[in-house]
Amino acid sequence: MTTVERAAAASSAVGTPVLEVRDLSVTFTTEGGTVSAVDRVSLDLASGEIVGMVGESGCGKSVTAMSIAGLLPDSARISGSVRLEGTELVGARESVLRRVRGKEIAYIFQEPMTSLNPVLTVGRQIGEVLQVHERMSRRAARARAVELLSLVGIPSAAKRVDNYPHQLSGGMRQRVMIAMAVACGPKVLVADEPTTALDVTVQAGILQVLRDLRDRLGTTILVITHDLGVIADIADRVVVMYAGRVVERAQVTDLFAHPYHRYTAGLLAASPTPGKHAGTERLQEIPGLVPVLSTQPDACTFADRCPAADEQCLDSAPPLEVVRTGSAVPVTDHLAACWHPCPTPRTQPQETTA
Amino acid sequence: MTVLTVPMAEASPASISRRARVLRRLRRNPLAVVSFVVLALAAVVALLSPWIAPYSVQQTDFAHTFSPPGTPGHVLGTDDLGRDVLSRIMLGARASLQVALLAVATSLIIGVPLGLAAGYFRAWDAVLSRFTDLLLAFPFLIMAVGLAAIRGASLTNAAVAIGIAQIPGVIRVVRSDTLRLKSLDFVAAAVVDGASDLWVLARHILPNATSVILVQATVAIPAAILGEAVLSFLGLGIQPPAPSLGTMLATAQQFAARAPWAAVLPGVVIMGLALAFNVFGDALRDALDPKGDR
Amino acid sequence: MARYLVTRAWHSALTLLLSTVVVFLGVRALPGDPALALAGEDRSPEALEAIRHHYGLDQPLPLQFAQYVERIVQGDFGVSIRTGIPVSSMLTTALPVTVELSVLAILLATALGVGAGVLAAVRRGRPAEWLANGLALVGLSVPHFWLGLLAILYLSVAAGLFPASGFVPLLQDPVGNLHHIVLPAVILGTGLAAIIMRQTRSAMLDALSSDHVRTAKAKGLRPRAVITRHALRNSLIVVVTIVGLQLGGLISGAVVTEQIFGLPGFGKMTIDAVFQRDYPVIQAVVLLTATAYIVINFLVDLLYSVIDPRIRVTGDPA
Chain B
1 MTTVERAAAA
11 SSAVGTPVLE
21 VRDLSVTFTT
31 EGGTVSAVDR
41 VSLDLASGEI
51 VGMVGESGCG
61 KSVTAMSIAG
71 LLPDSARISG
81 SVRLEGTELV
91 GARESVLRRV
101 RGKEIAYIFQ
111 EPMTSLNPVL
121 TVGRQIGEVL
131 QVHERMSRRA
141 ARARAVELLS
151 LVGIPSAAKR
161 VDNYPHQLSG
171 GMRQRVMIAM
181 AVACGPKVLV
191 ADEPTTALDV
201 TVQAGILQVL
211 RDLRDRLGTT
221 ILVITHDLGV
231 IADIADRVVV
241 MYAGRVVERA
251 QVTDLFAHPY
261 HRYTAGLLAA
271 SPTPGKHAGT
281 ERLQEIPGLV
291 PVLSTQPDAC
301 TFADRCPAAD
311 EQCLDSAPPL
321 EVVRTGSAVP
331 VTDHLAACWH
341 PCPTPRTQPQ
351 ETTA
Chain A
1001 MTVLTVPMAE
1011 ASPASISRRA
1021 RVLRRLRRNP
1031 LAVVSFVVLA
1041 LAAVVALLSP
1051 WIAPYSVQQT
1061 DFAHTFSPPG
1071 TPGHVLGTDD
1081 LGRDVLSRIM
1091 LGARASLQVA
1101 LLAVATSLII
1111 GVPLGLAAGY
1121 FRAWDAVLSR
1131 FTDLLLAFPF
1141 LIMAVGLAAI
1151 RGASLTNAAV
1161 AIGIAQIPGV
1171 IRVVRSDTLR
1181 LKSLDFVAAA
1191 VVDGASDLWV
1201 LARHILPNAT
1211 SVILVQATVA
1221 IPAAILGEAV
1231 LSFLGLGIQP
1241 PAPSLGTMLA
1251 TAQQFAARAP
1261 WAAVLPGVVI
1271 MGLALAFNVF
1281 GDALRDALDP
1291 KGDR
Chain D
2001 MARYLVTRAW
2011 HSALTLLLST
2021 VVVFLGVRAL
2031 PGDPALALAG
2041 EDRSPEALEA
2051 IRHHYGLDQP
2061 LPLQFAQYVE
2071 RIVQGDFGVS
2081 IRTGIPVSSM
2091 LTTALPVTVE
2101 LSVLAILLAT
2111 ALGVGAGVLA
2121 AVRRGRPAEW
2131 LANGLALVGL
2141 SVPHFWLGLL
2151 AILYLSVAAG
2161 LFPASGFVPL
2171 LQDPVGNLHH
2181 IVLPAVILGT
2191 GLAAIIMRQT
2201 RSAMLDALSS
2211 DHVRTAKAKG
2221 LRPRAVITRH
2231 ALRNSLIVVV
2241 TIVGLQLGGL
2251 ISGAVVTEQI
2261 FGLPGFGKMT
2271 IDAVFQRDYP
2281 VIQAVVLLTA
2291 TAYIVINFLV
2301 DLLYSVIDPR
2311 IRVTGDPA
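Residue numbers (the working numbering), protein chains in the order written: chain B, 1 to 354; chain A, 1001 to 1294; chain D, 2001 to 2318.
If you are wondering where the hints come from, they were derived from the structure by calculation, not from laboratory data.
Heads up, a few of these hints could be off.
Stated by the list, open to error - Which chain D residues face chain A? A few, computed with CB under 8 Å, are given here:
id: 1; residue: S2019
id: 2; residue: P2143
id: 3; residue: W2146
id: 4; residue: L2153
id: 5; residue: G2248
id: 6; residue: G2249
id: 7; residue: I2251
id: 8; residue: V2255
id: 9; residue: I2271
id: 10; residue: T2289
id: 11; residue: Y2293
id: 12; residue: I2294
id: 13; residue: F2298
id: 14; residue: L2299
Keep in mind the model is a prediction, meaning the values are calculated, not measured.
Glycine included, every Cβ here is placed at the ideal spot set by N, Cα and C.
Based on the provided sequences and hints, a complete structural model is requested.
In structure tokens:
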């Protein structure tokens, strides 16, 4: 058993995993050659938990999300394994995937503006899922659509059900997307930047809806975002991705308190924290851009932007390991892939208490 | 879905590197190369046809009418008056291209300034869109019928009728590209710097709109070639005895029972020319499409 | 939506008025005395005087125009110089042929063009797409009157599959009518089919890569449902526009097609009139074409609002 697998097993001990992702890699063939978008990503989603996946744009979050239910275009090459309650989805037949999509694994996308069909009423678009997966009649599906709309907090749902997307506000449309996604009571809900295109006030409402769904229906939710604020608000656990790889994974409070990977630290430093930056200190940006890789090098892909990089970082890729805090009791669900992690302030307080 | 974000150094809009990239893409597309070679050959033949045609197009030979293709001395045979078909096809193609270029030039000379004005000046837009509505209401053949009725049928009138009918298309594409360019930063910057409207249109918008104008022209030329053929076929275009592919087909229809082969070649030449332009136009549009960049 | 319709109706009415002015002035732009042109054979001073008086040529232009409009509104398009038959009665016999030919051509072209366009988009990069693209390019480049000539030579004369020319009215003999008109309709429809195919293909490619189609896939819909309900329906807006815009080309094509197949429609009437300098007929034909184009495009605008709820509700075209 490799370190990675051991670590993954350890974290999955929390609850029974609904979704197990193992060594998922995705490459694209384009006019300009191949592009490696996701590199050996492993991830478990336990039943009823909300996991946040964070990183800059282009780091492979969305591709990972889309590959879970086989939604990537034909130009994508996928390897590794995605298991939904034991059923392998990578390489599964299209008919199998069709039964999973919308029923077991549902999606919410970033742009509620364009993600809904402009020429169909929202009731029809919600009802469609029920007609396909639950074999409901059009009428029954419409009635259920009204219930779902009120479930996600849309006022006068009986009227709204016959509206077209352009008649609704952005926040309303996103609620419609959520209603559509949860129509068949999916086990896993993948929310790809669910609040990015929305106003802050609307954003809070949407996150509340997602939280309610988890609490009431026990839905497992994977939230993909570049916004650490969203993560802090809603997630139980966090996965940090960089250039197609998972670089750090931890409980949300743990990660915010003690970022271990240099990239995570950079992300946190680039996000405002109440009180801390007021006055002299300014937010720090991470210089440079996420690289586009044609092949995955045996090196730390963050090295060229990292303040602590040295020879070792360029020579070999750091493995994703349980972080060594120096404490007697290791924190088994905090993993990172970094040769020169941030100095952990955790050591001091833990040593004094130990 | 943004799968990939590629850090790309965006070149200035009308830079030389962009032109080089478009040319490189065209060279790599076999269809573009083939159609270009066909067009270049056609252009050479059309230009030189008065000198390289084996016979004079008016030279009749009543002893040898309707000789089939392959007749010694007349590779493609002779027509109802014993005139050499090859020579007439060469000069007919020349006339086709002449009318097409004249028509497209007419539509561009009138359409481009109007399209720029419609896109750039709000006040002009409403008036010009009524104007294009009006033009569209007269299909090119009806326009040609009207012109022929008023001014008589001729090559020039056919070209003018086709050209006028193509103006709305030119206005439409130039207008929408002007609207797009107007909203870009470099145009806004020029305006802020105090450049006059005419200066902005001439220096910033027109040069960047050339690619859509070029694409529009490659679509319009084959349409004009077909239009000329139709008008000449009906007797509304080039007047006999001047050679024209359309009139050759009209003659062929008359004598279809005696010489059915006569209907084949002129049609093939018209189609070949139009096809070459259409194929090249498609390739050009693909090469210019920024979505295909990288 | 009311605002949208009112604007559209107003624009159409304005265009109609302007085209009437153009047609009216067209005859006045004839070289020489319009009375001479309108008189035809009989050019005695008395006849010319009568014509001047009948058409009000001795009146000021605006008044002449008003009288002209008044006459056409009453269905009086004048009398053919050559035949002496009222132009309106010539139109009543010729128009049904042209309308039938055009409608059939549009139906065939739409069916073929939309089908091939969808196929090409769905089978992107496969032989089916290349074939459809190639055929569309040829359809766009072939002079269809030439195709008609070849069809008459090889399908009608040589193979005897279709009548080479002539026409039977629809009500008199529906089967014979179809037999006469189907080949011309196919020929007339080729160009339009090619244009519709290319537009459908590119609209479908756009639609298939759109976010809402991704949503539809993520819902677990079958490919057929994704294509028809979520991609094609949105692409139809483009197709409807194209049919409206290409109507002018279709009318032009109908004139030639009728000429080749000897159909006694309005195209043949037009061409004969040009060569006989039958000005009242030409005037009527030009005005009628413009009117047909304007009215049908207004109907297309109405159709938009049925297909696209964004227009239906807010009145703003997408």
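Each hint, compared with the structure:
1. S2019: 5 Å, holds
2. P2143: 5 Å, holds
3. W2146: Where the cut-off is 8 Å and the nearest Cβ of chain A is about 4 Å from W2146 (chain D), the hint holds.
4. L2153: Nearest chain A Cβ about 5 Å off; hint holds.
5. G2248: 3 Å, holds
6. G2249: Interface hint status for G2249 (chain D): holds (7 Å vs cutoff 8 Å).
7. I2251: I2251 (chain D) check passes; min Cβ-Cβ to chain A is 5 Å, inside 8 Å.
8. V2255: 5 Å, holds
9. I2271: 6 Å, holds
10. T2289: Since the shortest Cβ distance to chain A is 5 Å, the answer is holds.
11. Y2293: This hint holds: Y2293 (chain D) lies near chain A, its Cβ roughly 5 Å from the closest one there, short of 8 Å.
12. I2294: 5 Å, holds
13. F2298: Check failed: Cβ of F2298 (chain D) comes no nearer than 11 Å to chain A, outside 8 Å.
14. L2299: Since chain A brings no Cβ nearer than about 14 Å to L2299 (chain D), farther than 8 Å, the hint is violated.
Violated hints for the displayed structure, listed by number in ascending order: 13, 14.
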